[in-house]
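Protein chains: 2
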Amino acid sequence: MCQLLGMNCNVPTDICFSFEGFATRGGKTDEHRDGWGIAFFEGKGCRLFLDSKPSIASPIAELVRCYPIRSTHVIAHIRKATQGKILLENCHPFRRQLWGQYWVFAHNGDLPAFAPQGMEFYRPVGDTDSEKAFCLILETLRQNFPKEKPSLEGIYPLLKDITNSIAEKGVFNYLLSDGEYFFAHCSTQLSYIVRQAPFAAAHLIDQDVTVDFRQLTKPSDRVAIIATTPLTDNELWTPIQPGDLLAFQDGLPLKLG
Amino acid sequence: MCQLLGMNCNVPTDICFSFEGFATRGGKTDEHRDGWGIAFFEGKGCRLFLDSKPSIASPIAELVRCYPIRSTHVIAHIRKATQGKILLENCHPFRRQLWGQYWVFAHNGDLPAFAPQGMEFYRPVGDTDSEKAFCLILETLRQNFPKEKPSLEGIYPLLKDITNSIAEKGVFNYLLSDGEYFFAHCSTQLSYIVRQAPFAAAHLIDQDVTVDFRQLTKPSDRVAIIATTPLTDNELWTPIQPGDLLAFQDGLPLKLG
Chain W
1 MCQLLGMNCN
11 VPTDICFSFE
21 GFATRGGKTD
31 EHRDGWGIAF
41 FEGKGCRLFL
51 DSKPSIASPI
61 AELVRCYPIR
71 STHVIAHIRK
81 ATQGKILLEN
91 CHPFRRQLWG
101 QYWVFAHNGD
111 LPAFAPQGME
121 FYRPVGDTDS
131 EKAFCLILET
141 LRQNFPKEKP
151 SLEGIYPLLK
161 DITNSIAEKG
171 VFNYLLSDGE
181 YFFAHCSTQL
191 SYIVRQAPFA
201 AAHLIDQDVT
211 VDFRQLTKPS
221 DRVAIIATTP
231 LTDNELWTPI
241 QPGDLLAFQD
251 GLPLKLG
Chain E
1 MCQLLGMNCN
11 VPTDICFSFE
21 GFATRGGKTD
31 EHRDGWGIAF
41 FEGKGCRLFL
51 DSKPSIASPI
61 AELVRCYPIR
71 STHVIAHIRK
81 ATQGKILLEN
91 CHPFRRQLWG
101 QYWVFAHNGD
111 LPAFAPQGME
121 FYRPVGDTDS
131 EKAFCLILET
141 LRQNFPKEKP
151 SLEGIYPLLK
161 DITNSIAEKG
171 VFNYLLSDGE
181 YFFAHCSTQL
191 SYIVRQAPFA
201 AAHLIDQDVT
211 VDFRQLTKPS
221 DRVAIIATTP
231 LTDNELWTPI
241 QPGDLLAFQD
251 GLPLKLG
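Chain order of the listed sequences is W and E. All residue numbers for the first sequence refer to the UniProt record's numbering, where the first residue is 1 and numbers rise by one. All residue numbers for the second sequence refer to the UniProt record's numbering, where the first residue is 1 and numbers rise by one.
FYI, nobody ran anything at the bench for these hints, they're computed from the structure. Among the clues, some could well be false.
Straight line, CA to CA, 30 Å or less: simulated DSS-like cross-link-like pairs of lysine-lysine [what the hints assert, rightly or not]:
id	chain 1	residue 1	chain 2	residue 2
1	W	K147	E	K85
2	W	K147	W	K255
3	W	K28	E	K44
4	W	K53	E	K28
5	W	K44	E	K44
6	E	K28	W	K44
7	E	K169	W	K218
8	E	K147	W	K169
9	E	K28	E	K80
10	E	K147	W	K53
11	E	K28	W	K85
12	E	K28	E	K53
13	E	K218	W	K169
14	E	K169	W	K147
15	W	K44	E	K255
16	W	K80	E	K44
17	W	K80	E	K218
18	E	K218	W	K53
19	W	K147	W	K44
20	W	K149	W	K80
21	E	K53	W	K169
22	E	K28	W	K149
23	W	K85	E	K255
24	W	K149	E	K147
25	E	K147	W	K85
26	E	K147	W	K147
27	E	K255	E	K149
28	W	K218	W	K255
29	E	K53	E	K80
30	W	K147	E	K28
31	E	K218	W	K44
32	W	K169	W	K85
All chains should be modelled from the sequences, with the hints used to inform the complete structure.
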């Protein structure tokens, strides 16, 4: 299996603190050694860092830990391979273009014997079940809305349907974003926390590192962090209920439909 | 305008030496300050580093300069904006999926009033002429070969046709690769050098740096470097003739068709 980390905020924020704890699980405090990746949206642009090395041993992960890239939509992943070899093309997040925007997807889980057919627009490059699921999601969205991107309320029921049908094949926790919308689906395990005023200090589980957000924030800031398991041990994380598909906006979870 | 750098080799090779000189042109020895990017293929996987900062001031460029990533197909670009704002989504190389592989493209030149219509599969995310041209190339390839990737000989005449028709709109020097094929088109300015046994020392134009390739190579190694203008001052670079579309394979230029 793998682990997911996402961030959605109302102002561009760096993810250094959360990524510090998360990346430690890529071979030190946990077993997710088979590659990692992170995507940062900046406007319509998207930076995607991928490495098939463990995140604790990757110079690129070291850069991401130390270089504060500010973004409102971030998706990261550390991999413990279930399907697909340990290769760069199998590292999440995956990225494709739809409606003139980049879409980014990362998956935690396993979809045995998942083999979607008849895809016209999207084709996987690697050999993971995850990339196939991502392609099927985008294919379905595009076939139903061939020209223009629908509103959040317009896209949600269709995304929920295709998500449910894929989730029947196995375990399907995922994060999905185009830099405007941000979706988090819980099939078995996914939690979030919303940090907002009054801010406090937070302490990582995986490393003895504390950050006092009172020093780093404005009162109007709001940041949601979504992770497979909580990253801090002195804050209250909310488990997302299995079967729930949340849309995050400006650092807040919305449950639509 | 912009500058291009490409590498095609018969064994995975790092591009640190060439990138060192090239990146210096992104704000120090030349004026290409409006972003940069580099794509490295590893098998079917592709690492893409992009930054809208000048390459001389980018921590990500610093990583690429210092961390030897070995690849047989590399495309890099430093940008001096002509069309499109200084934004991440306008940084080259651009990347899309076709026939289950990633395709990467970078452009030097300017295509005024270029507005391709009727594209079904590919749509630009940013607002450069370059990304539009890339989308039109992929769209044309896909419309003509909807299912499977053709041979190099099969793809070449079609790529040449669409390239010529775009080049009529302005200046269209480009590099294009999917990690297997590697194309270099010269519209006005593009040169290459093939380094092979007997190897010698090379000295950068943009910095006082020398590398002795005898210390770093095996006799069977062969590396082609393609660049807008030569990167070294003690080697003989071959200008590609305007109108020529070369395919590089295992470090050698082929002229097909």
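Going down the list of hints, with the structure as the test:
For the given pair, K147(W) sits about 25 Å from K85(E) by alpha-carbon distance, which is consistent with the 30 Å threshold. At most 30 Å may separate the alpha-carbon atoms for a hinted pair to count; K147(W) and K255(W) meet this at roughly 26 Å. Under the criterion of a C-alpha separation no larger than 30 Å, the hint pairing K28(W) with K44(E) is consistent with the structure, at around 28 Å. Our distance criterion of 30 Å between C-alpha atoms is broken by K53(W) and K28(E), whose separation comes to about 33 Å.
Of the pairs offered as hints, the one joining K44(W) and K44(E) holds, with about 25 Å between alpha carbons and a cut-off of 30 Å not exceeded. Of the supplied pair hints, the one linking K28(E) and K44(W) holds, its CA atoms being roughly 28 Å apart against a limit of 30 Å. Among the hinted pairs, K169(E) with K218(W) is inconsistent with the structure: their alpha-carbon atoms are about 50 Å apart, more than 30 Å. Restraint check: the Cα-Cα separation between K147(E) and K169(W) comes to about 27 Å, which is no more than 30 Å; the hinted pair holds.
For the given pair, K28(E) sits about 13 Å from K80(E) by alpha-carbon distance, which is consistent with the 30 Å threshold. Pair hint K147(E) plus K53(W) does not hold up; C-alpha atoms about 33 Å apart against a cutoff of 30 Å. This hinted pair does not check out: K28(E) and K85(W) have alpha carbons roughly 42 Å apart, beyond 30 Å. The hinted pair formed by K28(E) and K53(E) meets the criterion: a straight-line CA distance of about 13 Å does not exceed 30 Å.
Between K218(E) and K169(W) the CA atoms are separated by roughly 50 Å; this puts the pair beyond 30 Å, and the hint is violated. Between K169(E) and K147(W) the alpha-carbon distance is near 27 Å, which keeps this suggested pair within the 30 Å criterion. Taken as a hint, the K44(W) and K255(E) pair is broken in the structure, with Cα atoms around 38 Å apart against an allowance of 30 Å. A threshold of 30 Å between alpha carbons decides the hint, and for K80(W) with K44(E) the separation of about 20 Å falls inside it, so the pair holds.
Distance check on the hinted pair: K80(W) and K218(E) sit about 36 Å apart at the alpha-carbon level, beyond 30 Å; violated. For a cut-off of 30 Å, the pair hint linking K218(E) to K53(W) stands: about 26 Å separates their Cα positions. The hinted pair formed by K147(W) and K44(W) meets the criterion: a straight-line CA distance of about 18 Å does not exceed 30 Å. Taking the CA atoms of K149(W) and K80(W), the gap is about 33 Å. The hint is violated against a cut of 30 Å.
Proposed proximity of K53(E) and K169(W) is contradicted: the alpha carbons are some 44 Å apart, above 30 Å. Taking the CA atoms of K28(E) and K149(W), the gap is about 42 Å. The hint is violated against a cut of 30 Å. Restraint check for K85(W) and K255(E): the C-alpha separation of about 36 Å exceeds 30 Å, so the hint is violated. Proximity of K149(W) to K147(E) is assessed by CA-CA distance (about 26 Å); at most 30 Å being required, the pair is judged to hold.
Only pairs whose Cα atoms come within 30 Å are accepted, and K147(E) paired with K85(W) is accepted, the gap being roughly 25 Å. Restraint check for K147(E) and K147(W): satisfied, since their Cα atoms lie roughly 22 Å apart, inside the 30 Å limit. At roughly 20 Å between alpha-carbon atoms, K255(E) and K149(E) fall within 30 Å of each other, so this suggested pair holds. Between K218(W) and K255(W), the direct Cα distance comes to roughly 27 Å. Compliance with the 30 Å bound is thereby established for this hinted pair.
At roughly 11 Å between alpha-carbon atoms, K53(E) and K80(E) fall within 30 Å of each other, so this suggested pair holds. For the hint pairing K147(W) with K28(E), the CA-to-CA distance comes to about 44 Å; that exceeds 30 Å, so the pair is violated. At roughly 44 Å between alpha-carbon atoms, K218(E) and K44(W) are farther apart than 30 Å, so this suggested pair is violated. Restraint check: the Cα-Cα separation between K169(W) and K85(W) comes to about 21 Å, which is no more than 30 Å; the hinted pair holds.
In the structure shown, a violation is registered for the earlier hints numbered 4, 7, 10, 11, 13, 15, 17, 20, 21, 22, 23, 30, 31, in ascending order.
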